[in-house]
Amino acid sequence: DVKVTQSSRYLVKRTGEKVFLECVQDMDHENMFWYRQDPGLGLRLIYFSYDVKMKEKGDIPEGYSVSREKKERFSLILESASTNQTSMYLCASSGKAGKRETQYFGPGTRLLVL
Amino acid sequence: GESVGLHLPTLSVQEGDNSIINCAYSNSASDYFIWYKQESGKGPQFIIDIRSNMDKRQGQRVTVLLNKTVKHLSLQIAATQPGDSAVYFCAENGNSGYALNFGKGTSLLVTP
Numbered sequence: 035d036v037k038v039t040q041s042s043r044y045l046v047k048r049t050g051e052k053v054f055l056e057c058v059q060d061m062d063h064e065n066m067f068w069y070r071q072d073p074g075l076g077l078r079l080i081y082f083s084y085d086v087k088m089k090e091k092g093d094i095p096e097g098y099s100v101s102r103e104k105k106e107r108f109s110l111i112l113e114s115a116s117t118n119q120t121s122m123y124l125c126a127s128s129g130k131a132g133k134r135e136t137q138y139f140g141p142g143t144r145l146l147v148l
Numbered sequence: 005g006e007s008v009g010l011h012l013p014t015l016s017v018q019e020g021d022n023s024i025i026n027c028a029y030s031n032s033a034s035d036y037f038i039w040y041k042q043e044s045g046k047g048p049q050f051i052i053d054i055r056s057n058m059d060k061r062q063g064q065r066v067t068v069l070l071n072k073t074v075k076h077l078s079l080q081i082a083a084t085q086p087g088d089s090a091v092y093f094c095a096e097n098g099n100s101g102y103a104l105n106f107g108k109g110t111s112l113l114v115t116p
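In order, the protein sequence lines correspond to chains X and F. Be aware that the first sequence starts at 35, since it is given in my numbering, and climbs by one per residue. Be aware that the second sequence starts at 5, since it is given in my numbering, and climbs by one per residue.
No lab work stands behind these hints, which were simulated from the structure alone. Do not rely on the hints blindly, as some may be mistaken.
Calculated lysine to aspartate or glutamate pairs in the EDC-like style (CA-CA distance at most 20 Å, straight line) [claimed, not checked]:
1) X:Lys-130 x F:Asp-35
2) F:Lys-72 x X:Glu-135
3) X:Lys-89 x X:Glu-103
4) F:Lys-46 x X:Glu-56
5) X:Lys-37 x F:Glu-43
6) X:Lys-91 x X:Glu-135
7) X:Lys-130 x X:Glu-51
8) F:Lys-60 x X:Glu-135
9) X:Lys-89 x X:Glu-135
10) X:Lys-89 x X:Glu-113
11) X:Lys-104 x X:Asp-60
12) X:Lys-104 x X:Glu-90
13) F:Lys-46 x X:Asp-60
14) X:Lys-37 x F:Asp-35
15) F:Lys-46 x F:Asp-88
16) X:Lys-87 x X:Glu-103
17) F:Lys-72 x F:Asp-35
18) X:Lys-52 x X:Glu-96
19) F:Lys-108 x X:Asp-60
20) F:Lys-46 x X:Glu-90
21) X:Lys-130 x F:Asp-53
22) F:Lys-75 x X:Glu-135
23) F:Lys-108 x X:Glu-135
24) X:Lys-37 x X:Asp-85
25) F:Lys-108 x X:Asp-72
26) X:Lys-89 x X:Glu-64
27) X:Lys-105 x X:Glu-135
28) F:Lys-60 x F:Asp-35
29) X:Lys-37 x X:Asp-62
30) X:Lys-130 x X:Glu-90
Construct the entire structure; sequences and hints are all you get.
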């Protein structure tokens, strides 16, 4: 079974803090994704990566950056957290680079920025 | 722009009945479709997928139907159980690039 894990289930941070969200997958997948999920807005893609050290902006990259130093790990960074970044963050991975196929999701990190 | 949409935001069914969740898509280039289930407080879980060279695919208690003519996708759940209560998303690969397009979800509530 594919397993995607996220470092925290719940996180509370203050405005202006730097926040790191970590995601690890154990299926040797090449593609990894970060989404945020908000009521009424569905899943919105923040960033994705199709290879180590490669990254592409999604639909809403502003205020976020990412890092992919190892194939199995994809980190989402909030350089200076703001209250409008309070959300559920979901990491996903999928198999072959360049192929749009099934994405497997982690359990999510619910972030509250005060 | 392209969109993936769901006809009903909420669906309430009685335990034991069959459920049908619908999804419309607009990109005729889409050739791969997925249904996900998301329980409260959890990440989306893959249920079933279908490629555009098929119009029906069955899994355990679930069936996905694809009508490419009207760009419509449905998920049928047989003998719905309380554990089926969740939000269901459709997704498709119509855009260029690596990402999928996700619908906003339909909330399924199973009542005893």
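For the pair supplied as a hint, X:Lys-37 and F:Glu-43, is the alpha-carbon distance within the 20 Å limit?
-> holds, 17 Å
Are the Cα positions of F:Lys-46 and X:Asp-60 separated by 20 Å at most?
-> The hint holds at about 19 Å.
Hinted pair X:Lys-89 and X:Glu-135, Cα distance within 20 Å = Holds, at roughly 18 Å.
Agreement of X:Lys-105 and X:Glu-135 with the hint, judged by alpha carbon distance not exceeding 20 Å | holds, 18 Å
Can the restraint linking F:Lys-108 and X:Asp-72 be considered satisfied, given a maximum Cα separation of 20 Å?
-> holds, 10 Å
Does the alpha-carbon distance linking X:Lys-91 and X:Glu-135 stay inside the 20 Å limit?
-> holds, 19 Å
Is the hinted pair F:Lys-108 and X:Asp-60 satisfied, with a Cα-Cα distance of at most 20 Å?
-> It is violated: about 28 Å lies between the C-alpha atoms, which goes past 20 Å.
Within a Cα-Cα threshold of 20 Å, do F:Lys-108 and X:Glu-135 meet the stated pairing?
-> holds, 19 Å
Verify the proposed pairing of X:Lys-52 with X:Glu-96, using a straight-line Cα cut of 20 Å.
-> holds, 15 Å
Given pair status - X:Asp-62, X:Lys-37, alpha carbons within 20 Å = holds, 10 Å
Straight-line Cα separation of X:Lys-37 and F:Asp-35 no greater than 20 Å?
-> Outside the cut-off at roughly 26 Å; violated.
Does the structure keep X:Lys-87 and X:Glu-103 at a Cα separation of 20 Å or less?
-> holds, 6 Å
Against the hints set out earlier in the document, violations occur for numbers 7, 14, 19 and 20.
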